[in-house]
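Novice: Take a look at the letters that make up each chain.
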Amino acid sequence: MKDGTATMVMTPPATKPKKKEVSGQELRKTWVGQSIKRREDPRLLTGRGTFVDDITLPNLHHAAILRSPRAHARILSYDTREAENHPGVIAVLTGEEVGQMSKPFPVGVTAAFKYYSAAVGKVRYVGEPVAVVVASDRYVAEDAMELIQVEYEPLPPIVNCEAALEADAPVLHEELGNNIGCHRLLNYGDVDQAFEEADLILKERFVFPRYSSLPLETYAVIADFDAITGMFTVHSNFMGPFSMHAVAARALDVEENKLRFIVPSDIGGSFGIKTSIYPYIVLLSLASRKAGRPVKWIEDRQEHLMASSCQTDRVAYREVAVKNDGTLLGIKSKVIENVGAYLRAPEPACTFRPIGNFVGPYKVRNVQLDAYVVMTNKCPTGPNRGYGCQQIYFEQERMMDRIAEELELDPIEVRMKNLITAEDMPYTTPTGGIYDSGDYPKAMDLVVEMSQYTKLRERQKKARAEGRLFGIGIATGVDPSVSNMGYITIALPPEFRARAGYLPKSGSAESATIQMNQRGKVSVTMGTTPQGQGHETVVTQIVADELGITPDDVVIVDEFDTAKHGWSISSGTYASRFASVGTSAAVLAARKLKGKIIHLAAALLSVPEEDLIIQEGKVFAKDNPEKNITVKRVAGTAHWNHELLPDDVEAGLQARAVFRFPANVAPDPQDRVNSSNTYGFMVEIAVVEVDPDSGKVNILDWFSVHDAGTIINPKIVEGQIYGGALHGIGGALFEELAYDDDGQFLTGSFMHYVCPTAVEAPKLTIGHICSPSPLTLLGSKGAGESSSETAPAAIAGAVADALGPLGIRINELPLNPKRVWTLIHESKTP
Amino acid sequence: MPQAYRSVEITVNGLTYNRQVEPRRLLSDFLREDLDLRGTHVGCEHGICGACTVLMNGYTVRSCLMFAVQANGAEITTIEGLAKNGKLHPLQEAFWENHGLQCGFCTPGFLLSACELLERNPDPTEEEVRVGLSGNMCRCTGYQGIVESVLAAASKMKAQK
Ligand code: FES
Ligand code: FES
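Going down the list, the sequences are from chains A and Y.
Going by the working numbering, the residue at position 350 of the first sequence is 350; the numbering climbs one at a time, nothing skipped.
Basically the working numbering = 1-based index in the second sequence + 1000.
The set of hints was computed from the structure by calculation and includes no laboratory data.
One or more of the hints may lead you astray.
Below, computed lysine-lysine pairings styled on DSSO-like, alpha-carbon distance capped at 30 Å [what the hints assert, rightly or not]:
1. A:K37 - Y:K1087
2. Y:K1158 - A:K763
3. A:K37 - Y:K1156
4. A:K632 - Y:K1161
5. A:K521 - Y:K1087
6. A:K627 - Y:K1156
7. A:K122 - A:K103
All values reported here derive from a predicted model rather than from experimental measurement.
Okay, chain A solo, but in the shape it has when bound (with noise of 0.2 Å):
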């Protein structure tokens, strides 16, 4: 689908689709828009993929890490001689070793504290490494461990956000005189003049937990350190932005191209999660080079949940200014943004990456955003599913319900009202977004159709007089996707980022390289670093589509090496980029080396170039299909026989592309920027019961309309709004990652960070609408994270529903079943 829009409702089990019947002069497309099976799969299915913890190197060695056992401290000594002496045991290091040893890691702050791999001098959260054991293998680097005496003079923990920000609180980086990483204020439009022409405005408190989308496989590391050429070989499931590699040779002090990043073919999942593994690669260079061979690190399930990375918590206070007729005029939100012990990047983005859209769908034009960045002794956050989405989204519609309760209003005519319509597009948002495409009134249409909203509202009333407490709730969002590098910097002052000799920051590229063998088949790589999505899959249908060759004749690699791949700083598989900016490249190559192969065979057939086409493998003149040559022999000519080649033509048959958009600009003097490329849309409709007894939350429908452009395969974005919207229920229902008040983590096992299981897991409906992204070479758009941003503001709408006639009020996830009792038991209480 090229134009327009376009509805699919697909309700599970979804059918097949069939095979697209195409005919005429153009080339077929025959792949794209199929639910192939998955190219992954077969060796998935049998046991043989490569996961980091599945590859081993001669002499390796094996590494454990001892970590805090508190959250604020001073380290007044280390003891290592039973450990080192310990049988089996190469090397100790320390984490002053690795104060020596490398520099703090840089970030887009200008806060000055020092943050490096392990805690140097004091400790600021429970798990921030302290020592790391090389031995023979991990049953001996674990037993070393117990071994190792560390000596601390305990300081007051903070992890309260808010409390961290007043003036007596204990300060975790007395550089710094106080807790605040990073503050800005930013205005768009004019936010006092909104709130002077309001018929009414509201203001609420809201807080959200920190959760986790957790990956099944933890983090794994293998470094190698070369002594004589100084080069660091690292194996480790990261999966980008590369923008991260440099930070990490920036903290082990080498060139990047001494630093080699390798990551194999599998890694079980990641969310975002794998980012902020860096500071572990770096340890674990360390500890390499230190002990004078490889090692390897597999974090335990404890180490993740306690020390590896999650989403921030955050309160935020959130103002509105609304016309009677529900038109909203202004938003004032101030979030004090929960980073935990270091300010650590590519944070701050949780506050920053949805600027750009941080109005969401609607029209609103005026907007203040104050943000403070605040440290604590929680474990360092990053990148998560929905990266800073499904904040803003909870605040921004629990508003929009509590708009519609106080207007008497149904929650849906209050978000049609305000919704951004086909025709505003492209729409540039106060915050300087633009959007590329979309139709939300035709996708709230849908949700409205497909969920028969005015018989749920009959159902509600009939549960009501029975007593049951039946909740429906409405979430939307837009769905950023490709971030644009430069909406870090917006944690800079603009003053700042107008100094001379300060290199602006922008841009969102990917790469994509394919090969043609003598005998027409090809292979591609990518600068991408898969987790699950099926790269392989799609890049084998727009690769098969573009060539006009089969998914047999191509074979893509997963793995991925800085070394050997074409990849940039923005590289990588986050930020839902695959969909636009992979596909792109490798459209971008495929078309590339299309153009070479033409190119040769008008010099081999002695026929103009235009007049020739690409079909089922051979190259035809138009007009004269008897004049023809297979691809296989102009790739053979390529390869073998050099003679037949035109000067400027060169040998062999290989492309390599970078695709890159067109409005990736760094942000202006008013703080307005662009921060992704392309945005999808979603609205979810969430039907609940409450029990009053056990307060537990059960679902009893999903409903959700997606609109992420040109679909390439249906089954894939399926699983990947399946696996989003649970990632979003769990964090809302039952995951949290608690602290007490002294800072000690309280859920360090999967008995208490409870995920869903298939029992819990609703059944979504799920429809589409398709509006072609007009930036992408497909039309297509990301669609990985789009409803982990939605599902937490759909459940805590229908639970505030639900609850709504015992006059309770939903502002604090996660709605776990004590929480719920709780609210409902206080409700009873007077």
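We have chain A already, so just place chain Y with the ligands on it with the hints.
Specialist: Just chain Y with the ligands now, with coordinates in the frame of chain A:
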């Protein structure tokens, strides 16, 4: 602390291995590292996620919660033993056809749990599949593809009988 080695004889996927192991060696480590059967994955090492599930004498066990010495004399099937003579097991086929996996890290555990489930209940309802697989965690798929795969495999296996 290191302990005296013990001899074990364990049959895995039809091959019998005689090895010396420390009594504290986990069955999961024995399979992955000593036998180099890397298809068994470890996701939590505390018995919740189910990634390490293998069949022991026909029943599922969590190889991270067992010592190799406890499997002495036992017959074990790991993911590597599921396909026979280059032909995928119907459950593997069904997972492939129904997009029952994304990253594939949980997949070996799900497949072996599903084997046991269909062995005991060849004609499960969707609800029974969900409950039957609730000892395995998947963080990618939202479970829908997995449930559909197991139901599809069940009807295929029934038809073949
Ligand atoms: S690794 Fe054994 S249950 Fe999780
Ligand atoms: S497919 Fe990734 S955990 Fe299940």
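Novice: State for each hint whether it applies.
Specialist: Results for each hint:
no.	hint	verdict
1	A:K37 - Y:K1087	17 Å, holds
2	Y:K1158 - A:K763	25 Å, holds
3	A:K37 - Y:K1156	18 Å, holds
4	A:K632 - Y:K1161	46 Å, violated
5	A:K521 - Y:K1087	26 Å, holds
6	A:K627 - Y:K1156	49 Å, violated
7	A:K122 - A:K103	16 Å, holds
Violated hints for the displayed structure, listed by number in ascending order: 4 and 6.
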